[in-house]
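This is what each chain is made of:
Protein chains: 2
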Amino acid sequence: MWQPTSPGEEPAQPAPHGHARTLSMKQKNPGRWFGQVVKLKKDRVDEYKACHAKVWPEVLKQIKDCGIEDYNIFYDDGLGLLFASFRYIGYDYAGDMEKMAGNPKVREWWKMTDSMQESLVEGAVSSEAGTPSWWRPMEQVFFQP
Amino acid sequence: MWQPTSPGEEPAQPAPHGHARTLSMKQKNPGRWFGQVVKLKKDRVDEYKACHAKVWPEVLKQIKDCGIEDYNIFYDDGLGLLFASFRYIGYDYAGDMEKMAGNPKVREWWKMTDSMQESLVEGAVSSEAGTPSWWRPMEQVFFQP
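So the protein sequences, as listed, match chains A and B.
Using the UniProt record's numbering, the first residue of the first sequence is number 1, and each one after it goes up by one.
Using the UniProt record's numbering, the first residue of the second sequence is number 1, and each one after it goes up by one.
Calculated directly from the structure, the hints in this document are not laboratory data.
None of the values given here were measured: they were computed from a predicted structure.
Incorrect hints may have been included.
Claimed, not checked - Listed next, the in silico SDA-like pairs over lysine to any residue satisfying Cα-Cα at most 25 Å (straight line):
{"no.": "1", "chain 1": "A", "residue 1": "Lys41", "chain 2": "A", "residue 2": "Lys111"}
{"no.": "2", "chain 1": "A", "residue 1": "Lys28", "chain 2": "B", "residue 2": "Arg32"}
{"no.": "3", "chain 1": "B", "residue 1": "Lys49", "chain 2": "A", "residue 2": "Phe142"}
{"no.": "4", "chain 1": "B", "residue 1": "Lys42", "chain 2": "A", "residue 2": "Lys54"}
{"no.": "5", "chain 1": "B", "residue 1": "Lys42", "chain 2": "B", "residue 2": "Tyr75"}
{"no.": "6", "chain 1": "A", "residue 1": "Lys54", "chain 2": "A", "residue 2": "Phe142"}
With the sequences and hints as input, model every part of the structure.
Right, dumping it as structure tokens:
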């Protein structure tokens, strides 16, 4: 489901340890952004939109609990493509993704949404399989906070 | 350069007025997300990446001053496409975009980057022209903060 932008690069560094002495000193992990692309089957567009308008609460909670925020999925009808981007604010991406895949409700969700999509990654089997990733990772070429 | 996800819909509402009584009560405008797509010419990929690794400071400042943050551009080499997403935290998008286009350095930047791209929007002339938009707006089908 994911891949570092530059292979081998570590996720964003944790904020300094210890209690912040004032509120203004509190630092939040700025996180690391991921971008991904996948094809959406033309005859499943309405269905995909409908289920994403009310994603199962267990799935939303698992995403949050795995340190993922500002999770956007955009759709371009002309291209028939879905683009996702999100910020990972945790400190153990691989571990968090294992937790994600360990949730039966998430796996059920993936099975449903995979059926509406076609991966752009050669050899990709499913979201559950993990490798190679069902969504194709994109390269971050610009970022301004 | 932009278009509301749902035409006619207003930008995110301002935070409540008046001084927050404690720091923890301070509310930030959560903003509104935009997603856009454009084609990158195959023979200009390296050049595009290089200039985005050091965007002119005047351009970065103008983006910030126009209430845009978390501005990502992702590239997919297989598709030859660029995907941008950003959060608009201001209260007058049209006005801010006018300010943006009023900056000569921004217009110079657009002229340069337009030359590396092909718009997916029929009839699009340039980023400077504004309408129809050079980058094609995408539809936000999912968001979790």
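Evaluated hints:
| no. | hint | in the structure |
| --- | --- | --- |
| 1 | A:Lys41 to A:Lys111 | holds (15 Å) |
| 2 | A:Lys28 to B:Arg32 | holds (21 Å) |
| 3 | B:Lys49 to A:Phe142 | holds (8 Å) |
| 4 | B:Lys42 to A:Lys54 | violated (39 Å) |
| 5 | B:Lys42 to B:Tyr75 | holds (11 Å) |
| 6 | A:Lys54 to A:Phe142 | violated (31 Å) |
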